[in-house]
Structures are given as C-alpha cells and as structure tokens.
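Undergrad: Going line by line, the protein sequences match chains A and B. When you line the first sequence up against the working numbering, it's residues 1 to 166, in that order. When you line the second sequence up against the working numbering, it's residues 1 to 661, in that order.
Be aware that a few hints might be false.
Restricting the straight-line Cα-Cα distance to at most 20 Å, the calculated cross-link-like pairs of lysine to aspartate or glutamate (EDC-like) are [said to hold, decoys possible]:
hint, chain 1, residue 1, chain 2, residue 2
1, A, LYS61, B, GLU106
2, B, LYS588, B, GLU516
3, B, LYS120, B, GLU186
4, B, LYS569, A, ASP158
Hint data in this document are derived by calculation from the structure and do not stem from the laboratory. As the structure is a prediction and not an experimental result, all values here were calculated from the model.
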Amino acid sequence: MKALRAVLLLVLAAAIAFFLYRQVLQPKRIAADTITVYYCKADGETLVPWKVSLGPARDRKSIAFYATAQALAGPVTGVEAIRFPPGTIARSVTLDGETATVDLSKAVESQPGGSFAESGEFKALVWTLTDLPGISKVRILVAGASLAALPGGHLELDEPLARSNW
Amino acid sequence: MVLALVAFAFGCAVPARAQSAKNYWFVGTNLIFAKAQIRDGETAVAADDPGLGRFLTKLGASLAYDPGQRYLIVTSGDRRTVVFTLGDQRYTVAGITQSAPFAPYESGGSVYLPLSALAKALYVLPVEQGATVVLQPQVGSLDVRTQNSVTLVSLRSALPVKFQRTSAAGDERLTIALTTLGTSLETQRRVTGSAALRGLTFQVSGSPRNPTTTVSFDVPPGSAHALAPSRSPNELVVAFSNRPGALAGPAVPATGDAASGGTALAVRSATESSPSAPTNEYAPLPSDVPAREALPPPPLQAAAHVTAIDAIPEGDALNVRIGVTGTVSYEWHRLSDNRWYVDLKNAVLDTPARDDQPRSPAVLSMRVKQISPDAEPVVRIALSLPSPRRVDVMASAGGFTLAVAAADDDQAQRVGAGRIGSGAVIANAIPAAVPALPAGPSAGDFWSKPAPTPPPAVRLPAGTNARLIVIDPGHGGSDDGATHNGLVEKNLTLDISKRLRVLLIARGWQVKMTRETDVDVFAPNDSAHDELQARCDVANNAGARLFVSVHINSFTGPSLNGTTTYYYKGGDASFAEAIHRRLAANLKTADRGVRKENFYVIRHTTMPAVLVETAFLSNPEDAALLRSPAFLQQVALSIADGIGDYTSNATQVNVPSSDSQ
Chain A
1 MKALRAVLLL VLAAAIAFFL YRQVLQPKRI AADTITVYYC KADGETLVPW
51 KVSLGPARDR KSIAFYATAQ ALAGPVTGVE AIRFPPGTIA RSVTLDGETA
101 TVDLSKAVES QPGGSFAESG EFKALVWTLT DLPGISKVRI LVAGASLAAL
151 PGGHLELDEP LARSNW
Chain B
1 MVLALVAFAF GCAVPARAQS AKNYWFVGTN LIFAKAQIRD GETAVAADDP
51 GLGRFLTKLG ASLAYDPGQR YLIVTSGDRR TVVFTLGDQR YTVAGITQSA
101 PFAPYESGGS VYLPLSALAK ALYVLPVEQG ATVVLQPQVG SLDVRTQNSV
151 TLVSLRSALP VKFQRTSAAG DERLTIALTT LGTSLETQRR VTGSAALRGL
201 TFQVSGSPRN PTTTVSFDVP PGSAHALAPS RSPNELVVAF SNRPGALAGP
251 AVPATGDAAS GGTALAVRSA TESSPSAPTN EYAPLPSDVP AREALPPPPL
301 QAAAHVTAID AIPEGDALNV RIGVTGTVSY EWHRLSDNRW YVDLKNAVLD
351 TPARDDQPRS PAVLSMRVKQ ISPDAEPVVR IALSLPSPRR VDVMASAGGF
401 TLAVAAADDD QAQRVGAGRI GSGAVIANAI PAAVPALPAG PSAGDFWSKP
451 APTPPPAVRL PAGTNARLIV IDPGHGGSDD GATHNGLVEK NLTLDISKRL
501 RVLLIARGWQ VKMTRETDVD VFAPNDSAHD ELQARCDVAN NAGARLFVSV
551 HINSFTGPSL NGTTTYYYKG GDASFAEAIH RRLAANLKTA DRGVRKENFY
601 VIRHTTMPAV LVETAFLSNP EDAALLRSPA FLQQVALSIA DGIGDYTSNA
651 TQVNVPSSDS Q
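Between the sequences and the hints, there should be enough to build the whole structure, so can you do that?
TA: This is the structure in structure tokens:
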C-alpha cells in the first residue's frame with residue numbers, strides 16, 4: 001500500500017514537473033509554420049501584414065532574429081514600401097522577458113533627416129516583433145550602443161518601443 | 001597555411017578541410033575567401049569572411065547572423081531573402097525551398113555556408129576555369145505575362161542591366177545583347193497565349209569572365225515592342241503588343257539600361273480605367289476630391305460600433321453626438337443642394353436606423369443608416385440643411401460630435417476626412433481644394449464659431465511663463481538635417497523660425513529660440529541625446545507655455561510630399577490640430593494630417609509641444625515651394641495663426657492680451 005502511494009506520488013510529481021517544463025521553461029513556443037511580418041506603405045501610416053514561412057529552427061531566439069531580418073529586408077523590390085536603408089541588418093537579437101533587443105548595423109544611419117521614413121521603418125519592425133508571442137517591447141541599439149535617436153533623427157530610441165508609441 | 005596543416009594533421013577527423021589555393025574572380029576583381037573550406041567537394045565560405053562581405057556588397061546584398069540562433073539570412077539587392085538554417089540542407093529563396101549541397105555548419109567559431117547555393121540565389125554562377133573559379137553574374141529569372149493584349153517579358157539579373165539592341169529596326173526578330181551577363185536559363189522558351197510574342201531564345205557568347213547573353217524574341221509580323229518601367233536597375237522589362245496604340249513608349253532603343261524604360265503602357269487594366277458610375281443619391285460630386293490618398297483606412301482594425309446618436313439643439317445650432325467604440329475613419333461631403341453627409345468606414349450601426357426631423361432650425365431632417373457599398377460596412381449619417389451651413393466633425397467623449405452652425409456659411413468646405421478614436425481626432429485630412437480662408441477680420445469669425453464642446457480650461461503648472469513660446473529650428477551646426485534638391489533642412493527651419501518669431505512677438509508673445517544661428521544647441525558633433533535634450537531643456541527651464549519644433553521632411557524617393565504635424569503627449573493633440581488646420585488650409589502642399597509620433601523633442605518637453613514637418617524637400621514640387629520666401633512666410637503665419645486659435649480656445653488663460661497672468 002505504501003509502495004503504491006509512493007509510486008502514485010512519483011507519477012504525480014513527474015506530471016507536474018513535465019507541465020511546469022512545458023509551461024514555464026518553454027513558454028510561448030511558436031507552433032505555427034509562419035510568422036507575420038509587417039511593412040509600412042509609402043503613405044507612412046498603413047501597415048501591411050504578410051505571412052512568411054519559418055525555416056526548421058523554432059526556438060524563440062532564432063525566430064525573433066528571423067522576424068527581424070524579414071522586417072529589415074521588407075517586401076521585394078517593386079512593392080512600394082518605406083524601407084530601412086540598404087545594408088541595414090540585424091547584428092544580433094536578444095530576448096529578455098518581454099523585451100527584444102535588436103542591434104542594427106550602422107547602415108541604418110545612412111539616410112539622415114527624414115522623420116517620415118524613420119517612423120515607418122521602426123513602426124513595421126516593432127509591429128513585426130511584437131506579433132511574436134511574449135514580446136511586447138523592442139529596444140533598439142545601433143552598432144552595439146544605445147542611443148537617444150539616430151544622428152539627425154527624431155524618433156526616440158533610448159527607451160524600448162512598443163505598439164502604443166504610435 | 002596553419003589551418004591547412006591543422007586540417008591535414010587531423011585528417012578525416014575534420015569533415016571539412018581548408019581551401020587549397022583557389023582564386024575567385026568576380027566582375028574584374030579577384031576575391032579572396034580567407035576562410036574557405038571544402039566540404040563534400042563544394043566550397044564553403046565563412047559568414048564573417050571579408051571576401052564574402054566584398055562579394056555581397058558588390059551585389060548590393062547583405063548577410064545577417066547572430067551566434068546562438070540558427071538562421072543565416074542574406075538579403076539580395078532587390079530585397080529577396082535567402083534563408084539558410086544551421087544544420088539543415090534546405091534553404092529558401094524568396095520563400096521557395098531549395099536544397100543545398102551541404103548544410104551550413106559551425107567550425108572554429110565561424111559558420112560556413114555553401115558558396116554555390118548562395119551564389120545561385122543571388123543569380124551568380126560559379127564557373128571553373130583552371131585554378132580560378134569565375135563567379136559569373138547571370139540573367140537569373142525570366143517572367144512572361146500577358147494581360148490586355150500586352151505581353152510583358154521581365155528579365156532579372158545579378159547586376160544592373162545594360163543592353164544593346166543588335167537587330168535592326170525593321171527586323172522580324174528583336175535581339176538584345178546583355179553585356180557582362182551569362183545565363184543558365186533554358187535556351188528556348190515558347191510563349192503561349194500571346195498574339196504579340198511567339199517565344200524567345202537565350203544564347204551565351206564570349207568568355208566565362210566576359211560573357212554576353214543575347215536574347216532573341218520571336219515576334220509575329222505587326223507586333224510592336226517597347227521598354228517598360230522596371231522595378232529595379234537589375235530588371236529589364238520589354239513589352240510586346242500587336243494592338244495599335246497599346247504601347248505608349250518608343251521601340252526598344254539601340255542601347256540603354258533598365259532605367260531607360262520610363263514609359264508607361266497606354267493600356268491599363270479594364271478595372272482601373274472605368275470607374276463605376278455613381279449610383280446613389282449621396283455620391284460625391286465630381287468636383288469633390290475625396291481625401292482617400294491622404295488618409296488611408298486604419299490598418300488591422302476590427303469594425304467600430306456606433307452605439308448612440310443624439311441630436312442636441314444648442315440655441316439655433318445643433319450638435320449631433322455620435323457614440324463610437326473603437327477607431328473609425330470618416331469622410332464627409334457637402335453637396336451643392338445643402339445636403340451634408342458623413343460616412344463612417346468599417347463601422348456597424350448598433351442603434352436602429354432613423355429618419356426624422358430634430359427640433360432644431362439648423363437641420364430639416366436627419367437620416368442614419370447602415371450601407372455597404374463594398375464589402376466593408378459603412379454607417380452613413382445624412383443631414384438636410386436649410387441653407388449652406390458649416391458642419392464640423394469634432395472629437396468628444398465616447399465618440400464625436402457633428403456641430404451644425406446656426407448661421408449660413410458659403411465658404412464652408414465641401415469635403416473632408418479624418419480618423420477618430422477614444423474621443424480624439426487621430427488624423428484629419430482636408431483636401432487641397434479647400435477655399436482659402438477669407439482675409440482680414442472675418443478670418444477670426446471663421447474659426448471662432450462657438451464650439452459645442454469647448455476644450456477644458458488650461459491650468460498652467462506652477463513656474464510656467466504663460467506668455468512664452470519656445471521655437472525650435474530643427475537641426476543646425478554640424479547636423480544639416482536632410483539635404484536634397486540643393487536645399488538644406490537646417491537653413492530652412494531657421495528661416496521659418498525667425499519669421500515665426502517676428503509674427504509672434506508682434507502678437508504680444510515672448511519668444512525664445514533654441515538656436516538663432518547655424519549652430520548645434522549642445523555642441524558640434526554631439527550625441528543625438530545631448531542635442532535633443534538640450535533643445536527640450538531650453539523650453540523646460542524657461543517654463544515655456546508652448547513648444548514648436550520646425551522641420552522639413554525628406555524621403556528616399558521623390559514621390560512623397562506634403563505637410564504633417566506631430567504630437568506625442570495625449571493632451572497635445574488639440575494643439576497639433578489647431579496648427580495643422582491652418583497649415584492645411586493655407587499651404588499648397590498635400591495634407592498628410594496630424595499624427596502621434598514618438599519624437600524626442602515633443603516627448604521630453606513638459607508643455608504642449610508639436611513638431612511641424614513643413615514639406616518634403618525630396619519632392620520637386622515641395623522643394624520649389626520651399627525655395628519661395630512667400631511660402632516660408634505662409635508656413636510661419638499658419639503656425640502663428642494656429643497658436644492663436646489654440647490659445648484663444650483655451651479660454652481661461654487667454655494670453656497674451658490678458659494681463660491677469
């Protein structure tokens with residue numbers, strides 16, 4: 001009888017441990033085969049969602065990086081969209097709680113002066129990343145450093161961006 | 001060398017070995033892949049190899065990889081993404097899955113990927129030539145489409161296309177030689193379903209290092225051809241049609257590049273060319289220009305709900321209060337027979353439809369109904385007015401209010417549009433065809449109509465100088481801002497700001513500028529944070545009542561134009577509205593509306609703050625306006641008038657004329 005109770009307790013403990021592992025240690029794993037990426041139309045306001053197939057890697061960090069890269073690339077040439085300057089890439093994407101930190105290459109600074117483009121670019125990036133489960137804020141770094149705004153820029157970047165900023 | 005020794009020493013323990021001396025040649029230059037390895041007989045290049053960086057740069061492509069995650073993502077010059085996954089042999093090019101000779105792998109702190117697969121995705125073919133591998137740029141894709149008797153042939157290549165027409169003008173076949181490009185596309189392609197093109201063939205000549213691809217189009221007699229606009233310099237588009245007049249442009253010229261195809265096709269799709277005839281009684285008049293372009297529908301929004309409609313007489317005027325949940329786009333029209341209607345886009349009417357006569361002399365009748373001209377639900381509220389009355393759409397608690405004026409107004413606008421949500425006007429567009437504001441004293445009357453929901457009295461925080469306005473001329477000193485068309489943003493913002501200062505001082509305000517000359521406010525070549533915070537500090541430390549930052553917009557393309565007014569803090573929307581209304585009415589620029597934006601200077605200032613983006617200096621028409629002192633004066637005047645409107649609406653501290661402050 002005692003042995004049976006012990007076995008039952010063990011099974012229960014294992015079940016709880018498994019549940020915790022699924023729910024806590026692997027939170028919000030993406031099950032879908034696609035993610036939604038946004039681009040901003042040239043009107044500066046309309047965001048257009050489009051579905052992009054995921055590759056085989058499904059861990060959160062890979063997916064966040066993938067989503068960032070797709071948002072930075074934007075739609076193929078010919079689609080009228082507000083785009084990050086050519087050569088803008090993600091140097092790294094790290095996740096900390098609900099905040100994704102995106103480190104952009106210096107190329108992002110290569111078109112100074114346009115608040116309009118700046119806004120559309122970052123809006124699309126922020127909407128893309130915050131579409132992923134568990135991410136609600138996006139911190140922007142350029143070449144590894146935090147900055148208040150792009151040189152000659154307008155958009156505040158020293159605090160994480162969220163959808164509510166627009 | 002060391003790598004080679006190490007690889008040799010470990011023998012088959014290391015699956016890939018260092019590259020033996022192999023040269024890579026790409027469009028006139030030798031490429032050195034310092035970290036190349038051979039894997040399964042194929043070249044593997046390291047993602048962080050400077051040689052690969054040079055190769056990608058020449059192609060306008062870039063590669064992104066971050067250790068710890070598994071994707072390597074290459075973006076081509078025409079923004080196709082090529083996605084490799086560590087440990088997986090499959091890769092995708094613009095979403096289409098392909099198979100690489102081997103899976104990308106990690107070795108010695110670098111990740112390696114198959115050069116041939118990467119090159120192919122970027123339309124480059126490795127061709128062995130003795131000890132050298134020539135990376136030959138290719139015509140990599142062919143697309144043929146026929147629509148409305150026009151056949152479009154699109155050729156995409158690794159590099160910008162340069163061509164020579166080798167056939168004579170009257171020849172039966174059209175042949176085009178594409179220099180420096182090879183191709184591995186199938187040599188013959190039959191085209192079906194086109195009366196203007198039977199097929200085409202590719203022929204590659206020259207050497208591997210200097211190839212030429214000749215494209216020969218088999219054209220039936222009577223078929224004409226023309227260069228069509230392409231989406232990028234790497235794409236060549238040729239149009240064929242045997243219908244007279246279908247092609248607007250001249251025939252393919254003797255030499256050119258992709259950009260030569262600037263001519264539009266004469267034939268557009270049938271749906272574009274025949275607008276549906278107006279069928280309902282409230283169709284816009286032809287002279288009315290809907291502001292749709294200026295104000296696209298809000299994205300990704302569930303339908304808004306109209307929850308209440310109440311007609312509330314106010315003396316001889318009438319306020320129609322409309323309760324709305326969610327954000328709604330609207331467009332209103334005033335017809336010449338004194339009917340006025342507003343359409344609430346993507347909105348569902350939760351109250352019963354109505355058709356009645358509110359007890360007010362301001363309207364004869366009011367009708368509300370759900371209509372659905374397209375798939376989208378629309379709520380239409382239509383008023384029959386006794387005479388040409390002005391009707392204002394204003395935000396109010398829980399929705400918005402249509403304010404029908406008591407008196408006649410022949411000058412009232414005929415059409416307008418905007419977006420309203422949570423009791424605030426999010427964006428408002430007034431079409432360019434708005435009659436100019438009457439000059440002189442009547443201009444005041446035009447705006448000073450009694451507001452049905454007057455803005456709350458402004459309570460100024462302690463330490464505020466109620467007479468002081470800070471003007472922030474954007475950029476300056478080491479920061480030029482945007483430069484285009486021979487115009488420099490920092491100079492224009494200072495010019496406008498100085499004009500604005502003169503006007504405001506003349507109207508009794510005190511004015512402080514964040515800069516008065518061409519200088520940095522903080523220090524030359526300072527950080528954006530220091531510079532922008534310094535501008536905010538000027539206003540915050542002086543206890544300014546209002547803050548206006550003057551900017552000129554720009555964009556990478558020339559097409560965008562117009563005026564935008566930005567705010568960030570919740571309470572500043574009405575300030576931005578007031579200024580923008582004047583700008584939109586007075587300037588001959590496109591109206592891009594009022595927008596909330598996370599801009600530093602309007603966020604970190606403690607008083608009501610706006611940032612005005614006057615016009616786009618990247619747009620030729622706007623640039624021409626910005627060259628005119630009259631325009632710059634008009635901008636300053638509009639801002640000054642907007643400040644006047646805003647401060648006279650905020651009734652209790654009606655400075656500067658009041659001395660009680």
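Undergrad: Does each hint hold? Answer for all of them.
TA: So, going through the hints one by one against the coordinates:
no.: 1; hint: A/LYS61 to B/GLU106; verdict: holds (17 Å)
no.: 2; hint: B/LYS588 to B/GLU516; verdict: violated (28 Å)
no.: 3; hint: B/LYS120 to B/GLU186; verdict: holds (15 Å)
no.: 4; hint: B/LYS569 to A/ASP158; verdict: holds (17 Å)
The structure fails hint 2 only (numbered hints given earlier).
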